[in-house]
Amino acid sequence: MASFEELPTTSGPQRFDAVSRVEEVVTDILTMDLLHSSPAFLQRVLELAGAASPSEIVSIRRSVSDTSMGETDVELVIQLGSKRQAILIENKIRAPVMDRQFERYRMRGNAGKASGQWDDFCVILMSPQSYFDELDAEQKEYVDANLSYEMIVEFLASFSEHAFKRHIFQSAVAQFKKGYVRIADARMISFHQNYWALASAKFPQLRMMKPDVVGSDGSWIYFPPLYGDTNKVRLIHKFKGIGCELSVTTRRAEEIATALEPHLDVDMVVRSMKTAAYINIKTPALDHLAEFSVLESDLLISLQQLDRLRLFALNENVRGLINQHI
Numbered sequence: 000m001a002s003f004e005e006l007p008t009t010s011g012p013q014r015f016d017a018v019s020r021v022e023e024v025v026t027d028i029l030t031m032d033l034l035h036s037s038p039a040f041l042q043r044v045l046e047l048a049g050a051a052s053p054s055e056i057v058s059i060r061r062s063v064s065d066t067s068m069g070e071t072d073v074e075l076v077i078q079l080g081s082k083r084q085a086i087l088i089e090n091k092i093r094a095p096v097m098d099r100q101f102e103r104y105r106m107r108g109n110a111g112k113a114s115g116q117w118d119d120f121c122v123i124l125m126s127p128q129s130y131f132d133e134l135d136a137e138q139k140e141y142v143d144a145n146l147s148y149e150m151i152v153e154f155l156a157s158f159s160e161h162a163f164k165r166h167i168f169q170s171a172v173a174q175f176k177k178g179y180v181r182i183a184d185a186r187m188i189s190f191h192q193n194y195w196a197l198a199s200a201k202f203p204q205l206r207m208m209k210p211d212v213v214g215s216d217g218s219w220i221y222f223p224p225l226y227g228d229t230n231k232v233r234l235i236h237k238f239k240g241i242g243c244e245l246s247v248t249t250r251r252a253e254e255i256a257t258a259l260e261p262h263l264d265v266d267m268v269v270r271s272m273k274t275a276a277y278i279n280i281k282t283p284a285l286d287h288l289a290e291f292s293v294l295e296s297d298l299l300i301s302l303q304q305l306d307r308l309r310l311f312a313l314n315e316n317v318r319g320l321i322n323q324h325i
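Residues 0 to 325 (numbering that gives the first Met the number 0) make up the sequence shown, in order.
Don't read these hints as lab results, they were simulated from the structure. Think of the CB as a built atom: it goes at the ideal place given N, C-alpha and C, for glycine as much as any other residue. Each hint can be trusted.
Pair by pair, the computed Cβ-Cβ distance ranges are:
| no. | residue 1 | residue 2 | range |
| --- | --- | --- | --- |
| 1 | GLN128 | PRO261 | 37 to 47 Å |
| 2 | ASN316 | PHE158 | 51 to 61 Å |
| 3 | SER159 | GLY49 | 23 to 33 Å |
| 4 | GLU153 | HIS35 | 17 to 27 Å |
| 5 | GLY80 | GLU295 | 53 to 63 Å |
| 6 | GLU253 | ASP135 | 13 to 23 Å |
| 7 | ASP264 | THR229 | 16 to 26 Å |
| 8 | VAL24 | TRP195 | 29 to 39 Å |
Quick list of in silico lysine-lysine cross-link-like pairs, BS3-like style, CA-CA up to 30 Å:
| no. | residue 1 | residue 2 |
| --- | --- | --- |
| 9 | LYS176 | LYS273 |
| 10 | LYS176 | LYS209 |
| 11 | LYS281 | LYS231 |
| 12 | LYS273 | LYS82 |
| 13 | LYS237 | LYS139 |
| 14 | LYS139 | LYS231 |
| 15 | LYS273 | LYS231 |
| 16 | LYS112 | LYS237 |
| 17 | LYS239 | LYS112 |
| 18 | LYS177 | LYS209 |
| 19 | LYS82 | LYS139 |
Make a model of the complete structure from these sequences and hints.
This is the structure in structure tokens:
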């Protein structure tokens, strides 16, 4: 027997079949429909994007991959007087964040500006609120706003004609709350296990934790906190090409970057984001699909640099500066 869910609306409760699994393509299309058909919803999204109104829609496209820098789930371009603004929407229900995913959104936005497609752009993550809340601080740096599914559900409650759309978004939230189960990637797990064995044998002072389940998105390796129990200061190896980093979570990132600059070695680069500062040492990119024996020498280089960053963070003067700013 089919199960049903009852949703209250302005015209009374309506009954819909329970949805066992909502896929992102469905909420992509529903969002595009709402942007096109509901001026009130469009206005809400424009407010999130910091765009002025009135405005006129130039185009709405889905799954846009015009460049080599990845794919935009929903691309909205609006005319604001004499200027055009793009709103680039990444839609997530439960899928893990891919390597540099939001950074590539900003790269596509800047490429659009350079080519004259638009004058400005905004990156929005559309997702359950908890998905956004659980993002790493560095990922959030590339996102301008979160269009939460819960906000959409609340907004649509006032429009009986959108009751089914509301039901779909509400179902997606419920499914997310049941918990995301990471899909294990055997080859990534094997790489992490070999990495851990080498790190534990050669650099035990890094205290790398034994890996558990690792998904295909596991290209960042996090090490335990350096300053006691706080996660605000830790090492990260972003092994696909970014390199080894000392991450400092702080709202005073620019200040700490300026303070640390005189203490950096010549191959260290500091960069500040909204909520974190990173001291980076560039190291060889690692392909986890390659034979580990081929990667071992490059990985040892990375482990050496991670240990340098560890010692840098534990330097008395550096530690004092960091503690003043976190």
